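Undergrad: Keeping their order, the protein sequence lines are chains V and F. Read in order, the letters of the first sequence correspond to residues 237 to 667 in the working numbering. Read in order, the letters of the second sequence correspond to residues 237 to 667 in the working numbering.
Please keep in mind that the hints were generated in silico from the structure rather than gathered at the bench. No experiment lies behind these values; they were computed from the predicted model shown. You may find that some hints are simply not true.
No copy labels: a pair is met if it fits in one copy or bridges any two.
[Unchecked claim] Mimicking DSBU-like on lysine-lysine, the simulated pairs with C-alpha atoms at most 35 angstroms apart in a straight line are: (1) K647 to K288; (2) K325 to K288; (3) K315 to K406; (4) K288 to K462; (5) K647 to K282; (6) K655 to K257.
2 protein chains.
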Amino acid sequence: MSGKTLAVNNALILGVKGKNKLIEGSLLIKDEFIKKISDEPFDADKVIDANKNLLIPGFINTHSHVAMSRFKGLLDDIKLSEFLEKTFKLDSQRTDEDIYNSSIMGICEMIDSGITAFADLYYSEDIIARAVEDTGIRGFLSWNTLDKKFTTQTGEPIENAENFIRSFSKRSSLITPSIGVQGIYVASDDTYLKAYEISKKYGTIIHTHLAETREEINNCMKERGKRPVEQLDSIGFLNENLLAAHTVWLNLSEVRALSKKNVSISWNSVSNEKLGVGGIPPIPEMMAQGVNVSMGTDSCGSNNSLDMFCVMKNSALSLKNSRWDPSILNADELFQMATQNGSYAVHNNSIGSIGENMLADLVLIDLGASNMFPTSGNNAVNNIIYSANPGNTQTVIVNGNVLKENFRFSKNLEKLKRKAMRYLRENFNTI
Amino acid sequence: MSGKTLAVNNALILGVKGKNKLIEGSLLIKDEFIKKISDEPFDADKVIDANKNLLIPGFINTHSHVAMSRFKGLLDDIKLSEFLEKTFKLDSQRTDEDIYNSSIMGICEMIDSGITAFADLYYSEDIIARAVEDTGIRGFLSWNTLDKKFTTQTGEPIENAENFIRSFSKRSSLITPSIGVQGIYVASDDTYLKAYEISKKYGTIIHTHLAETREEINNCMKERGKRPVEQLDSIGFLNENLLAAHTVWLNLSEVRALSKKNVSISWNSVSNEKLGVGGIPPIPEMMAQGVNVSMGTDSCGSNNSLDMFCVMKNSALSLKNSRWDPSILNADELFQMATQNGSYAVHNNSIGSIGENMLADLVLIDLGASNMFPTSGNNAVNNIIYSANPGNTQTVIVNGNVLKENFRFSKNLEKLKRKAMRYLRENFNTI
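Using the sequences provided together with the hints, build the complete structure.
TA: Structural data, given as structure tokens:
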């Protein structure tokens, strides 16, 4: 056997492909892939003893703007219009190094909360790609497009996106470049359709914001005589490459349209609620129609933590309470949304569950923590959804590389984090 | 200076009495009290270098049933009637040692999430008091009463409560005994009024569940012709000793009644929403009327984590979204609810903020964590509410004793936790 091997021995494993239940076992990882799962421990170049802690597939965060991490705690408790104005101002003043270092911090926070892959929507994704490469997380990076008159990007956004895809499609197995569209309030039919063409040409996903706020719906109705999803459907834009974030304000006919065109959605409950968008996405109706529901944190500007445990629990609470029904969504379904459904949303079927020949994107959860007791086969998923927090992620592996072990970042990651903190402290006197 | 001294030096301090802002400083603690706050570091028998991390008053959890920690993850995603039935069954089968060890686990989880004092409502509070004493947390323990025909307690609940108060009122400065009433669905006017008499006789709070579910309101209307708060007001039970948990389903006249009688409430958003009670308590209306709003986790059966960070954030999200207004409640107000308002609710004005001659109940939050960057005077409260998680509580001090230091429990606490885990594993084969 050639190549670097890593064993994770004696784990309780949740999220094994095709199995609903917790199993006891060990994994052998070779390079970036899980090669074998067995009852018996493996020998390997490096061995991690899981010591009966809980191994799960890493979470897939399907909507983020990781470069906004520096804005954490600076945009809270204000009206949406004021939030957007402040965000836009902060965003427009940034250098590449600001974006890079802010992304490093966001990626560190994601790794701490067990996120091993994320879908990002932003301009300057080439800079964010550098942060992805340096840290070793998995990034599905969508270069954001919008009508030229609304952008602060240099050059044509659509061309920038295409250049980004071309430059980064073979760069690293950790980076999957794609295109995005900001949203119906700043993108004409023409921009949407051009973005769709690019996505077809290169076989990428298209990441967009959709039906997030009442204002978006109202203005779209006023200006185009249709609701946003209806409008995009009418121009032939809804398609299976589409990853639509938010989708809070949908009617049932729009849910059916998303289903018919195999659109994936990213549910961002924490961000939505913190901005007070009102309403809760029609998740049960989407599930009934077979829409793929994944989950996202959104950015530190509106969340403010890149914490999938918080997102999963909050999503459950919101839906249960708004429907007056604690049984409307269960822990298994929520776990699936944050893992396997995420893999469908980013079109990568080698992540999101644990299995032979799957990519080794794994998180070990400490069952010795006071908040995780008791955990057994009866409640392991429940405890992940309703009790766990980022303090419980003991070890995090992405692409076969150990980025965090026994609660400590790898040397490389710790160094990147410290450097980023130093840069941001020195360059922003508000910090 | 006699007595044991402890210094916490070089901290960023939030929640100093009478100050809205973050200050840099050091604390000198003697025995259980904060003796001095200064710009300069102190010498002491033991010195903790806070190293510019964030020192806050410990959270006060004003509604819990800590002995139910063993039920974590076993009662999820089911209808309320099924939840109550299962809980009742599990509860009725318990030995004192089950209750003690389960309480130890719950207390460990609270300390991990920065809770330094909790108000508990249960039978067998004498056993829970033992767990409080052994661990060193601060407990406001209310022996639960209800009509004799509904109880599984041996003897008369009211007499049991009085005996508990008498036996424990001078036992330890960490234990404040009091009386509770389960709720209007199992307590007659007579039981409420007897409990009130006991509370007046001994000068204790009365802890109760109130207006939690629609069923409670509907049945009360049907059986007594009044809504629960109206009913309790009509018999003269509403009073300043009362700590009422939940209060989800109130009309404005009931809000005014709570205000007029100086009742404190405990907002338990996570538990309420997980059980799908529907609705959100009328917090802005209560605040406008001057009702003291504190916060509680409720039990591991319905929450399922004893995590005040999660409660604070979720409470904010629910209210903002349900009112379509992100500015309706801000981080300062939420922080106050989880600290100072908690001290009002349990009638102890020596906790809930940091000041000279206040009790030393303190939590040090790690600002080196990826999710807490950047933190400054501009956003420290925001980051506590919207970004922090239990993994960030570095050091926890209760009553001048260091229960957790540099992310590790004290030897005593670690031993108690291991013993409790062992006991519970050995005695429940579902674990």
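Undergrad: Run through the hints listed earlier and report the numbers of any the structure violates, in increasing order.
TA: 3, 4
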